[in-house]
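Assemble the whole structure, with the sequences as input and the hints as a guide.
If you're matching positions, the sequence shown starts at 43 in our numbering and goes up one per residue.
Hints were generated in silico from the structure; no laboratory data involved. Check the hints yourself; a few may be wrong.
Said to hold, decoys possible - DEER-style ranges, computed between Cβ atoms:
hint	residue 1	residue 2	range
1	Gly238	Ala143	40 to 46 Å
2	Ala486	Glu319	23 to 29 Å
3	Glu367	Lys472	47 to 53 Å
4	Arg150	Pro400	50 to 56 Å
5	Gly132	Thr489	53 to 59 Å
6	Asp94	Asp236	45 to 51 Å
7	Pro424	Glu286	37 to 43 Å
8	Thr102	Trp293	46 to 52 Å
9	Thr201	Ala152	48 to 54 Å
10	Asp215	Trp293	28 to 34 Å
11	Asp236	Ala104	47 to 53 Å
12	Asp198	Gly132	53 to 59 Å
Glycine residues also receive a C-beta, built at the ideal position from the N, C-alpha and C atoms.
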Amino acid sequence: MAPQRFREQFDQIQRSMPDVPLAMGPDDSAEFFYEKGVVLARDGEEARLVEDTVREHFTTFAGLTPDHVRRTSPETNRTGITRIQVGDPGQGDPSGDPTVANALRSLRTAEGRAGRRLISRNHVVSIAVNACPGDEPVPVPLSEPPNPAAAETAYDAGTAVGVLVIDTGLMRDYRSYPLLAHTEGDAQVQECDDDGILQQYVGHGTFIAGLLAAVAPNTDLVVRNTLNDAGAVLESEFGEKLFEAVDRHGWPDVISLSAGTSNGRTDGLLGVQAFMEELREQRTLLVAAAGNNASATPFWPAAYADLPGWEDAVLSVGALRADGEFGACFSNHGGWVKVFAPGERLTSALTGFGTPVPYVYQHSTYDACRYGFGYACTCQYPRHTGVLSEPGEAPAKPDQVMFEGHAQWSGTSFATPVVAGLVASHMTAKGETDPRAARARLLAANTEYAEVRGAHVPALLPPTWRPVSVDPPADGA
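See the structure below:
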């Protein structure tokens, strides 16, 4: 992906967070986004150490000023994290933040003595990962059934598995989709822009709820709009919002999370550590997306599945391509990804089945797979012209389509609820009340495997899922 496209997508998230100046990192690679001028530290003595060390470092070295170093959040809070301003967030450009980089550098010696991290960037947690989604939704006729199709399991309020979906919220008429009869939660805050055009990532939460309900009809689904800002939220706010969700609805059997971020580290996210530690003591299973960067770099919170103490509490999910034989081109991979499931060209509900809603594509067609794959991947098909063009291309009028309910979409975002649904379905079928035990038994009984980057990996394939050809369409569309 060209740097210009990173910048275009970066600008979109920045517009959704106008009061939070953001930067790309590290080194303008856009591997992740983070808040300019701010770092995170643990409450209490560590926050004081970070603040004092950064101030001393900035006083000592030429070109740095300690004038802005101060705390910008309460000294204690439930997430155990303090925001510390280290620079003027209005200075510089999005290509990086030297002030934050110098603050991180100033703690290296102290971190070496402590044997653990003391300071962190305030990362953007997003369903778009580096703000570059695998693809965008494509309208599907109402006559075409969902894929995976709805399982025949009956709904029983007494045994229904509770699933909490952390995502973008629900479309206002989602109940017109029969599979979502037992779904509740937050509404999408703003579905369309001032011109009546469906905004990017709107419908994402509804699509995921539809997949879950198809794979596991005996579920009570709750969808939160935690990721309402173009599918993104700051790390410092994310942990608090996760706590708010379980305070409001109770700890569910399963949490389905199709968002995260890399951070260049192997020890998790400082901003969600308190929540993850409380999760570890509950019975809830977190099913989390491995991300769409086509990278082996750990992606959080999914990569907690590879950390001691969280092996049973977290299940990380990568995406298989449309035929289920190999990994999807965009899917993250590596030993920290514990299972793969279909995540390319799935069909579910995007909007309610009422008034048609127009949508303008953001992305233009790629001439080749962004990640060097040779199959007809979602980078290339279906072809459309978007409002973001590659550098050097002549501007073209973007394609506009109408959504009337069903859509086809790809991403690790959608492999995740498929796996969450399979865990819930296993609980129903076996009368299992412990979601973590259901996870272990489901994986132990699984006999399906796929190949991802040369490695044989466990593959969970829903019985009602239909493989889709990966050959290019005959018309090239």
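Hint by hint, here is what the structure shows:
1. Gly238 x Ala143: 40 to 46 Å: holds (43 Å)
2. Ala486 x Glu319: 23 to 29 Å: holds (27 Å)
3. Glu367 x Lys472: 47 to 53 Å: Cβ of Glu367 to Cβ of Lys472: about 28 Å, so the range 47 to 53 Å is violated.
4. Arg150 x Pro400: 50 to 56 Å: Taking Cβ atoms as reference, Arg150 and Pro400 lie about 52 Å apart, which means the hint holds.
5. Gly132 x Thr489: 53 to 59 Å: Given a distance of about 57 Å, which is inside 53 to 59 Å, the answer is holds.
6. Asp94 x Asp236: 45 to 51 Å: Holds: the Cβ-Cβ distance is about 48 Å, inside 45 to 51 Å.
7. Pro424 x Glu286: 37 to 43 Å: Once the Cβ atoms are compared, 38 Å apart, the range 37 to 43 Å for Glu286 and Pro424 holds.
8. Thr102 x Trp293: 46 to 52 Å: With a Cβ separation near 47 Å, Thr102 and Trp293 satisfy 46 to 52 Å, so the hint holds.
9. Thr201 x Ala152: 48 to 54 Å: holds (52 Å)
10. Asp215 x Trp293: 28 to 34 Å: Distance hint for Asp215, Trp293 holds at roughly 30 Å.
11. Asp236 x Ala104: 47 to 53 Å: 48 Å Cβ-Cβ, so the 47 to 53 Å window holds.
12. Asp198 x Gly132: 53 to 59 Å: Hint holds: Cβ distance 56 Å, inside 53 to 59 Å.
In this structure, only the earlier hint numbered 3 is contradicted, and the remaining ones agree with it.
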